[in-house]
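Trainee: Spelled out from the first residue to the last, the chains are:
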Amino acid sequence: MTGTESRAVRLDAEEARRLRQQRVESVGRWLLPLLIMVAAIWLWDRICVWNEIPKYILPRPLEVLQTLHDDAGLLFTSLLFTLKITFLSLLLAVVGGVGLSVLFAQSKWVEMSFFPFAIVLQVTPIVAIFPLINIYVNNQTAKLLLCAWIVAFFPILSNTTLGLNSVDRNLRDLFRLNGASRWQELWHLRLPAAMPYFLGGLKIAGGLSLIGAVVAEFVAGASGQASGLASRIIEAGYRLNAPRLFAALILISLTGIVIFLVLSLISHLILRRWHESALKQEG
Amino acid sequence: MAQAGAEGGLQGRTGEAPALLALHGVGKTFSNGVAALDAVDLTINEGDFLSLLGPSGCGKSTALRIIAGLSTPTSGGLDWRGGGLDRSGIGFVFQEPTLLPWASVFDNVWLPLRLRGVSKAKAAPAVMEMLARVHLDGFAQAVPRELSGGMKMRVSIARAMVTKPRVLLMDEPFAALDEITRFKLNNDLLELWQDERFTAIFVTHSVFESVFLSSRIVVMAARPGRVFRDMSVDAPYPRDEAFRTSPTYAALCREASDVLSAAMNANGGSGHDGH
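Respectively, the protein sequence lines represent chains A and B.
If you want the numbering used here, it's the position in the first sequence, counting the first as 1, plus 543.
Take the second sequence: its position 147, counting from 1, is numbered 132 in the numbering used here, and each next residue is one higher.
Bound-form chain B, shown alone:
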């Protein structure tokens, strides 16, 4: 692993893929004076699985919210290549499952389509297919409180994917899950990504998770939030449990870990979290 485009070459699909989105000098300063992001330049290619990795306060969630259109940049701008992307082109998975507690699993997944005026009958095939894809067939009529944390997250992913978005944004979606569940969801997410060929932007502060999932890792530094290094992960897909225990994986994790440490030291060594 090294700077993007350095030795080794990419084995993922990002090599010749067209750019989907470019961030030009994106900065965000909150009204209380905190500079969350400072002049971030970043190009995201169609089909990337890109992780934003960094310590707390490095602005990775802010960047994600700006890409989603939930927040506007103070300076700079976004450039959606190949025609603008309307709202239905974006799926978002929050840190918590963020489900409607009163609604069944089916109704939760139906929600994005429902808000676009798609009737229950018309939405049913798409909803049931998505539920099957996240291994929740048979739970359509359950309500969220009857599900485990991992299952709730699966519902959340199904909901984000039901509109077949071109970009899936995820904000530390598995941070609150136990390790076994997280591994399983990592595997399933990769499977989904390879089948559906969407572009994934994944915010995390776990080195291991980002290396396992990503074709590319953007390490960010804090105060102010900025891109510290843009790295490609040179390991072929599909990645499975065997990859998790391979020497390649261990070496990649070590490298990413070193870069993250450097990023944390770059702001005076005040960063301290991460797994």
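Chain A on its own, in the form it takes in the complex:
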């Protein structure tokens, strides 16, 4: 095959079609969702106008944007509060989840004895537990944290436990042959092997901790002092301030998306060199 003066290799019809399709797909992957989003917002706006829907029922997109700008101070203070609860509870979920799973990994007996408690905590709806927490815990922040933590820690615990127990048997033999201590096996073998599982759990827990923070505030909202985004939503609902309600809602959604993206990025950066999940398909 000569005549490679120009960059192109001569392609048969099938390969040319495949190449074209790849190009279209790479553009479409970004463009299409964007177009749909814009169209949906436009449609939302048109529905408001065509039906003359009052602003306190369904505000127009621009009005929501305007509110986001006008109420920025209030909304972002609330966002900060929600973020604080979210991240603190996620941090506690990581510490608690990993700590417990390491404890579980030390002995089958410990795992068998205590795992049921973790499951009970997981399957009982947080809204149903909250009245109890409300009685036992005085501090408002501590209440919210506890709620969000209960929701978020389980995926980390269960995934990390699975990971710690999924170590290749030959590798464990290798460590035994080399006289590795328990601690060495944990540090050099089990924890790194559990990393992909842990990161998978972390991605789920990130979203759950936000949900936990918001739900906790909803339930706690009655007691007043809370000032997170959920309180803004309740308050705006009472006052028929729909634009602010929408603005707060959008902030929560965006926060969730950002949390997911950041955790995905972290996961990718840690695993990219070795784990199947982070490898690009080639060929």
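These are computed hints drawn from the structure, not numbers from a lab.
Cβ coordinates follow ideal geometry from the N, Cα and C atoms, glycine included.
Some chain A residues near chain B, calculated using beta-carbon distances under 8 Å:
| hint | residue |
| --- | --- |
| 1 | 717 |
| 2 | 719 |
| 3 | 720 |
| 4 | 721 |
| 5 | 723 |
| 6 | 727 |
| 7 | 816 |
Far from chain B, by Cβ distances over 10 Å, these chain A residues were calculated:
| hint | residue |
| --- | --- |
| 8 | 564 |
| 9 | 565 |
| 10 | 611 |
| 11 | 622 |
| 12 | 637 |
| 13 | 651 |
| 14 | 665 |
| 15 | 676 |
| 16 | 705 |
Going by beta-carbon spacing under 10 Å, a handful of chain A positions derived as facing chain B:
| hint | residue |
| --- | --- |
| 17 | 711 |
| 18 | 713 |
| 19 | 722 |
Since the structure of chain A is already known, use the hints to place chain B on it.
Mentor: Frame of chain A; chain B shown alone:
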């Protein structure tokens, strides 16, 4: 080739070598009632390249695990001659490369030393030397998934050898490799063995591989696993590609093959695998 010590005499180094390890009536019965090994008596000499050859289920891997200390015999025992051998005296190569996928080639080879408290800087000369010995210089910073199957196995061998063990145990290490790669690794392994003078115990179900590598072949029979025949391979080292195509090699393979067939028939002809 014949019974050990029969006509021809050994040209390897096993003749006058002192015994390193003796297995006395070693048996292993698993909790499900399967008798993997039944009263195995075997003496392994310093500097042997000994292959355990046999069909699946003849207990050769179990024997290897018992020698490694990964499994305890149900009956009988091991006698390490000339002073006991501590863990650092044993290197083990598994059937799969069994590398840490997240760690670089360097870190994988460093691992046995690291577990003994040797720092990265202190281990570096030994690790780099071992990598050079298995022809992987330049790959120290690669991670396992960037390597081919043969290269991964080389890393595994380097890791087993980095502690300079007196005994290298290998459990069908090349079974999953293509033939060309396997031949190359066979050559390199022999070279390493001749330079380092360790004792090698090599589990395989390939007649050709065991004849090419070994100074001695222990053919095992299954159900229950036992030593069927202990043969010496009367061919001088170094062995190279020329040996692979020589009439001597062909004749030795035929003999070993006949013994293996007899071993398989000895348990009712139910054995059926092998290359």
